Amino acid sequence: NNPKWTNNNWLKSRFHFSFAEYDNFNNKGFGILRVLNDDLVQPSRGFGEHPHRDMEICTYVVEGDLTHQDSMGSQETLTRGAVQFMTAGQGVQHSEHNLNPSKPLRFLQLWINPRQRGLKPNYGSFKGDFNLRHNQLHHVVSDVSDSSTSTPIKINQDCNIYVTELDSNSEVTFDVKNDRQVYVVCIEGSVDVTSNTEKISLDRHDALEGLGHSLLKFKSTTKTQTSSRESTDSVYEPTTASHIMIIEMQKSGKGRSDL
67 NNPKWTNNNW
77 LKSRFHFSFA
87 EYDNFNNKGF
97 GILRVLNDDL
107 VQPSRGFGEH
117 PHRDMEICTY
127 VVEGDLTHQD
137 SMGSQETLTR
147 GAVQFMTAGQ
157 GVQHSEHNLN
167 PSKPLRFLQL
177 WINPRQRGLK
187 PNYGSFKGDF
197 NLRHNQLHHV
207 VSDVSDSSTS
217 TPIKINQDCN
227 IYVTELDSNS
237 EVTFDVKNDR
247 QVYVVCIEGS
257 VDVTSNTEKI
267 SLDRHDALEG
277 LGHSLLKFKS
287 TTKTQTSSRE
297 STDSVYEPTT
307 ASHIMIIEMQ
317 KSGKGRSDL
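What the sequence shown shows, in the working numbering, is residues 67 to 325, in sequence order.
Mixed in with the good hints, there may be bad ones.
DSSO-like, lysine-lysine: derived pairs with alpha carbons at most 27 Å apart [unchecked claim]:
(1) Lys-320 <-> Lys-283
(2) Lys-283 <-> Lys-243
(3) Lys-94 <-> Lys-265
(4) Lys-283 <-> Lys-317
(5) Lys-243 <-> Lys-220
(6) Lys-220 <-> Lys-320
(7) Lys-243 <-> Lys-94
(8) Lys-78 <-> Lys-94
(9) Lys-169 <-> Lys-186
(10) Lys-265 <-> Lys-285
(11) Lys-265 <-> Lys-320
Each pair of labels, with its calculated beta carbon distance range [what the hints assert, rightly or not]:
(12) Pro-167 <-> Asn-244: 48 to 56 Å
(13) Ala-86 <-> Leu-274: 17 to 25 Å
(14) Ser-267 <-> Ser-213: 15 to 23 Å
Keep in mind that the hints were calculated from the coordinates and are not lab data.
Owing to the predicted nature of the structure, the values given are computational and were not obtained by experimental measurement.
All C-beta atoms in this analysis are idealised placements derived from N, C-alpha and C, irrespective of residue type, glycine included.
Given these sequences and hints, build the entire structure.
Here it is in structure tokens:
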């Protein structure tokens with residue numbers, strides 16, 4: 067019933083890297099992170115069954131209800147703060163839908179290059195825990211080969227994902243090691259990011275690349291979350307001021323080269 071939604075724009079996507087109709091040779095990914103799409107899906111719509119292979123796919127639900135079904139027999143509906151992963155490996159078919167008749171669905175989907183091809187397909191999820199990400203970084207994804215780290219999701223690559231929701235003026239810090247790099251996404255709200263050498267302000271949907279050693283401080287700079295760019299599409303109003311994701315990986319120096 068929202069006139070701003072039509073059959074021609076049931077999906078609104080923000081592509082962080084070259085994908086689909088956004089073709090940019092100078093922005094093909096960041097290290098082992100090949101795709102990061104920020105998708106907003108109209109009520110009662112979604113992605114029909116389609117194939118994937120040789121990719122580690124992680125999805126983070128920002129708002130709404132994400133219903134997943136795949137050829138491995140997995141089927142479930144996930145809500146805000148949930149994380150799912152799929153090892154596409156030798157090949158898998160899956161679908162993703164917003165079955166809610168009145169509320170939109172927003173999620174971030176990451177495609178991460180695996181350390182090897184031809185892996186056995188696999189699926190798993192974590193329903194999320196607000197208390198674990200409230201004013202602190204929650205380590206939700208790590209490398210299946212790293213026995214020293216316990217996270218709810220394990221993938222076949224040297225990659226770590228953290229999320230946090232910050233109250234107004236709250237802070238968290240993240241230490242980027244010398245041989246590592248990070249991709250930071252401001253999911254909701256606004257945040258000031260201070261490193262050893264500079265200070266950057268990020269708003270909703272913004273992102274930054276960080277290479278090499280730096281102690282990053284994230285400070286929320288908004289009291290309440292109201293999106294001027296999506297207020298007509300989103301019905302969810304977060305209780306926190308800022309919502310951030312950090313993707314950390316081995317340093318490769320590969321990132322955007324046209325800015």
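Tested hints:
1. Lys-320 <-> Lys-283: Given that 27 Å is the threshold and the Cα spacing comes to 23 Å, the pair holds.
2. Lys-283 <-> Lys-243: holds (14 Å)
3. Lys-94 <-> Lys-265: Holds, at about 26 Å.
4. Lys-283 <-> Lys-317: holds (20 Å)
5. Lys-243 <-> Lys-220: Given pair Lys-243, Lys-220 holds - Cα atoms ~21 Å apart, limit 27 Å.
6. Lys-220 <-> Lys-320: holds (24 Å)
7. Lys-243 <-> Lys-94: Distance of about 24 Å is within 27 Å: holds.
8. Lys-78 <-> Lys-94: holds (20 Å)
9. Lys-169 <-> Lys-186: It is violated: about 35 Å lies between the C-alpha atoms, which goes past 27 Å.
10. Lys-265 <-> Lys-285: The hint holds at about 11 Å.
11. Lys-265 <-> Lys-320: holds (22 Å)
12. Pro-167 <-> Asn-244: 48 to 56 Å: holds (51 Å)
13. Ala-86 <-> Leu-274: 17 to 25 Å: Holds: the Cβ-Cβ distance is about 23 Å, inside 17 to 25 Å.
14. Ser-267 <-> Ser-213: 15 to 23 Å: violated (38 Å)
In summary, the numbered hints that this structure violates are 9 and 14.
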